[in-house]
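Visitor: Sequence:
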Amino acid sequence: MQPNIDLVREYMEISYAPGRASAQAVSHLCAPNNRFIAPTTFPGIHTLEAYAEDHGRLMEQVNDLHIVSFDVLFADADRVCLRYTAEGAHRGKPHGDIQPTGRTARWSAAALFQVRDGKLVEFIKEWNKLSMWEQLGWPAEECLTAGESAAAS
1 MQPNIDLVRE YMEISYAPGR ASAQAVSHLC APNNRFIAPT TFPGIHTLEA YAEDHGRLME
61 QVNDLHIVSF DVLFADADRV CLRYTAEGAH RGKPHGDIQP TGRTARWSAA ALFQVRDGKL
121 VEFIKEWNKL SMWEQLGWPA EECLTAGESA AAS
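Residue numbers (this note's numbering): 1 to 153.
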């Protein structure tokens, strides 16, 4: 089980490293045809590589974003479960029309990974990004997803 935990930790450390997070940086950890599932917070992202890439773009705005702690981290068979706390300040690029405010946010999220043959095949993320957005002073409307599927059709 420890190799699976180590694999997940490496993926998370890369994905939460400003200036390092990218699809290319995590590709060696990911199985082909892997799945990323987080429809309420990353509705258009469907692979672990795409998540790392998108998260890298977020960290251009919150450019000191980092994991504070892994509050829960354990493995059972092919699954690794974690809950983590992260924080960062809006000191990088503007968020839309909002110039860097220097405001800091701290939040928690949970993740369930599946590992097969030493590679990540699935990542399910549960995170209420509203708390982070509110702390940073970003528009809460950006956190709403109920109308997105209707707008897309």
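Rather than coming from a laboratory, the hints here were simulated on the basis of the structure. Hints may be right or wrong, so weigh each one.
Said to hold, decoys possible - Capping the alpha-carbon separation at 30 angstroms, the derived lysine-lysine pairs in DSSO-like fashion look like this:
no. : residue 1 : residue 2
1   : K119      : K93
2   : K93       : K125
3   : K129      : K119
What the hints assert, rightly or not - Beta-carbon label-pair distances, calculated as ranges:
no. : residue 1 : residue 2 : range
4   : T104      : P139      : 23 to 33 angstroms
5   : E87       : T40       : 16 to 26 angstroms
6   : M1        : P94       : 39 to 49 angstroms
7   : R57       : P32       : 36 to 46 angstroms
8   : I124      : D97       : 16 to 26 angstroms
9   : D64       : P32       : 13 to 23 angstroms
10  : I98       : N128      : 17 to 27 angstroms
11  : R83       : R103      : 21 to 31 angstroms
12  : R9        : E126      : 26 to 36 angstroms
13  : E141      : M1        : 33 to 43 angstroms
Please read all numbers here as calculations on a predicted model, not as lab measurements. In this text, a Cβ means the ideal position worked out from N, Cα and C, and glycines have one as well.
Visitor: For the hint 23 to 33 angstroms, verify it against the beta carbon of T104 and that of P139.
Guide: The hint (23 to 33 angstroms, Cβ to Cβ) is violated, given that T104 and P139 are roughly 18 angstroms apart.
Visitor: Just tell me: holds or violated, for the beta carbon distance of R9 and E126 against 26 to 36 angstroms?
Guide: 18 angstroms, violated
Visitor: Take the C-beta atom of R83 and the C-beta atom of R103, compute their distance, and say whether it sits inside 21 to 31 angstroms.
Guide: 24 angstroms, holds
Visitor: Lying within 39 to 49 angstroms: is that true of the beta-carbon distance M1 to P94?
Guide: 43 angstroms, holds
Visitor: So the hint says 17 to 27 angstroms: do the beta-carbon atoms of I98 and N128 match that?
Guide: 20 angstroms, holds
Visitor: Next pair to validate is K129 with K119; report whether the Cα-Cα distance is within 30 angstroms.
Guide: This hinted pair holds, its Cα atoms lying about 27 angstroms apart.
Visitor: Using the Cβ atoms, figure out if R57 sits within 36 to 46 angstroms of P32.
Guide: For P32 against R57, whose Cβ atoms are near 24 angstroms apart, the range 36 to 46 angstroms is violated.
Visitor: Between K93 and K125, does the CA-CA distance stay at or below 30 angstroms?
Guide: It holds: about 25 angstroms lies between the C-alpha atoms, which stays within 30 angstroms.
Visitor: If I claimed the Cβ atoms of E87 and T40 lie 16 to 26 angstroms apart, would that claim hold in this structure?
Guide: 21 angstroms Cβ-Cβ, so the 16 to 26 angstroms window holds.
Visitor: Return holds or violated for the Cβ distance of E141 and M1 against the range 33 to 43 angstroms.
Guide: With Cβ atoms ~42 angstroms apart, the hint holds.
Visitor: Regarding I124 and D97, is the given constraint of 16 to 26 angstroms on their beta-carbon distance met?
Guide: 33 angstroms, violated
Visitor: Okay, D64 versus P32 on CB: inside 13 to 23 angstroms?
Guide: Taking Cβ atoms as reference, D64 and P32 lie about 33 angstroms apart, which means the hint is violated.
Hint compliance for this structure: hints 1, 4, 7, 8, 9 and 12 are broken, all remaining hints hold.
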